[in-house]
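My request is simple: use the sequences and hints to build the entire structure.
Next come the chains, spelled out residue by residue.
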Amino acid sequence: MLLAVVWLVAQTPNGISAGGRFLFWNGLMVTSRHRIGVMFSTTGSYSVVARSMLNGALLAFEEISRSFPDIGLEPIVVNPGGDLARYAEYSLQMTSSGIRHVIGCYTSSSRKEVIPCFEKYDALLWYPSHYEGFETSNNVIYTGASPNQHVLPLVRYMLAEIGSSAFCVGSNYIWAWENNRIFREAMIAQGGKVLGERYFAIGDTEFDQVIDTILSERPDFVFNNLIGESAYAFFRLFRSACRARGIDQATQIPIASCTLSEPELEEIGHDMVDGHLSSSVYFSSLRSPTNKAFTTAYERAFPNGPAVSADAEASYIAVQLLARSLSAAGTDEVSAVKNAVARQRLAAPQGEVWIDPQTFHAWLTPRIGRSNREARFDAIVEEAGPIQPDPYLVQSSPRYAVVSHTPNLRIAK
Amino acid sequence: MVARLLQNFNGSRALIVTTNRTAVEALETTLVKLGVTSEFLAVTDGRIDIDMASLKAERDILFVDGDLEGALPLEAEGDPRLPPVPVIGLVGVEAPSRLKRLVNLGATAFLRKPVHSAAIYTALFLGVNQFLLRNDMQNRLDDMERRRRGRRSVIKAVLALTTQVGIDDDEAYNRLRRESMRLRVSLEEYCEEFLGRWAAMPKVTAREEPPGWRAEKK
Chain L
9 MLLAVVWLVA QTPNGISAGG RFLFWNGLMV TSRHRIGVMF STTGSYSVVA RSMLNGALLA
69 FEEISRSFPD IGLEPIVVNP GGDLARYAEY SLQMTSSGIR HVIGCYTSSS RKEVIPCFEK
129 YDALLWYPSH YEGFETSNNV IYTGASPNQH VLPLVRYMLA EIGSSAFCVG SNYIWAWENN
189 RIFREAMIAQ GGKVLGERYF AIGDTEFDQV IDTILSERPD FVFNNLIGES AYAFFRLFRS
249 ACRARGIDQA TQIPIASCTL SEPELEEIGH DMVDGHLSSS VYFSSLRSPT NKAFTTAYER
309 AFPNGPAVSA DAEASYIAVQ LLARSLSAAG TDEVSAVKNA VARQRLAAPQ GEVWIDPQTF
369 HAWLTPRIGR SNREARFDAI VEEAGPIQPD PYLVQSSPRY AVVSHTPNLR IAK
Chain E
89 MVARLLQNFN GSRALIVTTN RTAVEALETT LVKLGVTSEF LAVTDGRIDI DMASLKAERD
149 ILFVDGDLEG ALPLEAEGDP RLPPVPVIGL VGVEAPSRLK RLVNLGATAF LRKPVHSAAI
209 YTALFLGVNQ FLLRNDMQNR LDDMERRRRG RRSVIKAVLA LTTQVGIDDD EAYNRLRRES
269 MRLRVSLEEY CEEFLGRWAA MPKVTAREEP PGWRAEKK
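Going line by line, the protein sequences match chains L and E. Following our numbering from start to finish, the first sequence increments by one per residue and tops out at 421. Following our numbering from start to finish, the second sequence increments by one per residue and tops out at 306.
There's no promise every hint is true.
Claimed, not checked - Here chain L is said to cover these stretches of chain E; the calculated rule only asks that three of the stretch's residues, wherever they fall, bring their Cβ under 8 Å from a Cβ of chain L:
#, stretch
1, 117-124
2, 195-209
Claimed, not checked - Below, simulated DSBU-like cross-link-like pairs (lysine-lysine); rule was C-alpha separation at most 35 Å, straight line:
#, chain 1, residue 1, chain 2, residue 2
3, E, K201, L, K120
4, L, K128, E, K121
5, E, K121, L, K346
6, L, K128, E, K201
7, L, K120, E, K121
8, L, K120, E, K188
Claimed, not checked - From the derived model, a few chain E residues whose C-beta atoms are all more than 10 Å from chain L:
#, residue
9, L103
10, N108
11, A111
12, L129
13, K144
14, D148
15, L170
16, E182
17, R228
18, R239
19, G254
20, A260
21, V273
22, G284
Bear in mind the hints are in silico, worked out from the structure with no lab data behind them. Glycine residues also receive a C-beta, built at the ideal position from the N, C-alpha and C atoms.
And the structure:
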């Protein structure tokens, strides 16, 4: 190892810390150094996934320091704690202090909160999570899945294998609203139906009433867009309620999600983790040498977890692509880096990944997994290769919105 | 009536009228992402080189720069505020006189120059769907107008039936309405046609049913 790296990422309560990295010089010429922002809510109601995302990013930084010794990347880690105002505040501090690239955000509400700042200061946000689409900011690189890579494959699978009626629950913000809309329109267009749709504040854990409603409606499956602790509570309460009524939840009313990842299964708890369906571009159980190396390195670096997730992989991809693009561009200037990133092809843990030059979203490989008792997913369906991102669903949705209610018939005399 | 809501613009064509190409750079690059192709129309002597009759409302969307010099750039038949395709205004100078021209062109959405990519989907969504909504409303107004003009026929037909067949006005109206629904035409159209037949037939003296009535079962 040519460079020994010590992470001293600390934070002061009100801003960007003096944290950073010491480079122990070993004779190699570092031709450029860049401070890179890393912004994840590692505390708060959805911190489990965010901590795995931070880990994924940090693992990539560590690898880059060895594989790209010509560029010195100095991660500046901040934690907005799930507070939207602090996302905006940290983004402003980082971009106005000259940081041009930030890996960050998990929720869409936080991403939408910070984009104006990135556009104003012409910085680049590397957004490493699946999301609901309908956005292509010139100042964002999207390394997570677009809706045609998560929710649409899920609809096809559920209609073919599970059943045609669904009940939707979600956290009350843009992700769940839009993902449910896409889900509902795709279901109705293909002959399925949505029996109900309920939203809860992020962090809510009271679900008795909606569970009663679901059990009386008896859908073929539940479509879950709850995030963080709300989701874990719902999974537990729903399975308990089913058990109390003699229903085998996993086979009779399975829960399908586009968000559910391995560290979250661990949060749900041991006798309730199996039989949940997840549409994702990555599962830690994928059997490829690249993924084996990735998960081994991750577990060695972060033995106390959280386990590796799809969003951790997307964060890892984001940093790997950023480093390669900085190296190719020879500058951290945004338009040069964007030009360079569109020319990269990365052998990622999930398979080959590259950025679409038109939308700056990633080509990724959709999969459906079913969780097992070990809190991991077994991939049960897998695309043959990477699928083009279609953030506005121009190739994959009908021209006119699908109207779900019955037409207004008037009674004529 | 539920208005159709267009949300996927794939396959559409944007016709862009401006002399300031740099202000609309983001427009073309963002429209491509939405599956929309762009064409720039030439402006010569304050006139746009375009055949309005060749435009298709299902396909074309017109982006017109409000800062263009010259007279109204579009020569549409009928009310110019009801253009044949959706019009989205490109706003530079925010003066009322310039904005008025865009209103007079029937613009249903606006984009501020220089065009920012994050505003384009919203402008398309509002511009096209407001255009569709306005067309639906215009069609309904036209229909109402036709019916208003047909009121006289309805009154005459009811009168003819009450005086000649000897039924009261409610019954006469119900018969006319039932028959128009059976034939799937508006009451007004039916009454007009009914009066034509009524006038052509020999005058009835007895209380006979006029021609074309179905036998009513009692």
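Evaluation of the provided hints:
| no. | hint | verdict |
| --- | --- | --- |
| 1 | 117-124 | holds (count 5) |
| 2 | 195-209 | holds (count 3) |
| 3 | E:K201 <-> L:K120 | holds, 22 Å |
| 4 | L:K128 <-> E:K121 | holds, 22 Å |
| 5 | E:K121 <-> L:K346 | holds, 16 Å |
| 6 | L:K128 <-> E:K201 | holds, 16 Å |
| 7 | L:K120 <-> E:K121 | holds, 19 Å |
| 8 | L:K120 <-> E:K188 | holds, 34 Å |
| 9 | L103 | holds, 19 Å |
| 10 | N108 | holds, 20 Å |
| 11 | A111 | holds, 16 Å |
| 12 | L129 | holds, 24 Å |
| 13 | K144 | holds, 14 Å |
| 14 | D148 | holds, 15 Å |
| 15 | L170 | holds, 22 Å |
| 16 | E182 | holds, 21 Å |
| 17 | R228 | holds, 14 Å |
| 18 | R239 | holds, 19 Å |
| 19 | G254 | holds, 23 Å |
| 20 | A260 | holds, 15 Å |
| 21 | V273 | holds, 14 Å |
| 22 | G284 | holds, 25 Å |
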